[in-house]
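Asks: Spelled out from the first residue to the last, the chains are:
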Amino acid sequence: MENYIPDDKTLMKAIRARKDEAFVYLHKQYYDAVKYFVTKNSGSEEDAEDVYGEGIAILMEMLDDGEYIIKNTLAGLFISVCKNKWVSVLRKRRSESFFMESRSWAVLLHNIDRDIKKDKEQDILWKGIAMLKKECQKIIKYFLDGKAMKEIATIMGYTAATVRTKKYECNKYLKKVVQDQPEYPGYWE
Amino acid sequence: MEKYSEQIVDYLYNDMTEPQRKDFEKLMESDAELAAEVQEQRDILKGVHARLVYQEAMEDPYIEEANWLARRAIRRREKELLAKSLNLSKGLIVVRLVSVAAIIIIIFAANLSTANLTPLRSVLTRSTKYFVSLWRIL
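Chain order of the listed sequences is L and S.
This note's numbering puts the first sequence at residues 1 to 189.
This note's numbering puts the second sequence at residues 1001 to 1138.
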């Protein structure tokens, strides 16, 4: 179970077959990303859990009905589903609230993108990512996706030893740029 | 902490053998400072990973199509859920109407069976209580 790292096509097939490991992998891979944009857009952690759960149900229906573009990445498809679901929740909340004006879907989706853009300029983790070389971003992402050293080496065209060295260097650099920022000490509070 | 820096990275990047992992976890149990350092770095990596996944998703060249399909699927699902809940509401309304009709008939029958108004008042009071409790249950 721990080493289950499927490609998109295999994962979609496993979701259609309702395989447990596919859902465990989805959670590990995407839950934090969903939580990230929900909590950055006036939502709570509970909202993120609800949106994630609904997102999974909608994704299953879409895959069952074959309603997706074959060239879509699973990340693109799933995050779109969750983002739009959150927009739908926000619309309902606004229309239920007497003083809040109900906004159109497009405006709310635009607002989420605007808030994330703003967050990218202010958030220390985004700043840390921006300071990393593209190569380091890839190495960190591949490792955190659960890919093995050899696989990463093959994808990036390096030897396993080089990837190993780069992994330490990139992580050290990331840690330094994040921790060096003045907002860091209180960031997790 | 510097002496553990490579081990911390290997642990967080899931790049350890099972015995190495277990040994390191034992080490963390006995060293609170090390455990705190690992937790801090884990938080950074979790946050960075969430943002990188989000960024990757937004860079999907077919993201607009994915958005359109997602909206359609969400609306369809919401319509289905609404239809289900409306069916349920219809059922409840029917039950309530039948209960009210039954109570009116009971009151009417009680009124006919007696010329004295006292039992009617008592039936009315009891019926009202019954109606209120039934309404609350429903």
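No lab work stands behind these hints: they were computed from the structure.
A hint or two may mislead.
Claimed, not checked - Output of the computed footprint for chain L on chain S, the stretches with three or more beta carbons under 8 Å from beta carbons of chain L:
#1 1043-1055
#2 1068-1074
#3 1080-1094
#4 1127-1134
Idealized CB from N, CA, C, for every residue including glycine.
Asks: For each hint, tell me whether it holds in the structure or not.
Replies: Quick rundown of the hints versus the structure:
| no. | hint | result |
| --- | --- | --- |
| 1 | 1043-1055 | holds (count 13) |
| 2 | 1068-1074 | holds (count 6) |
| 3 | 1080-1094 | violated (count 0) |
| 4 | 1127-1134 | violated (count 0) |
In the structure shown, a violation is registered for the earlier hints numbered 3 and 4, in ascending order.
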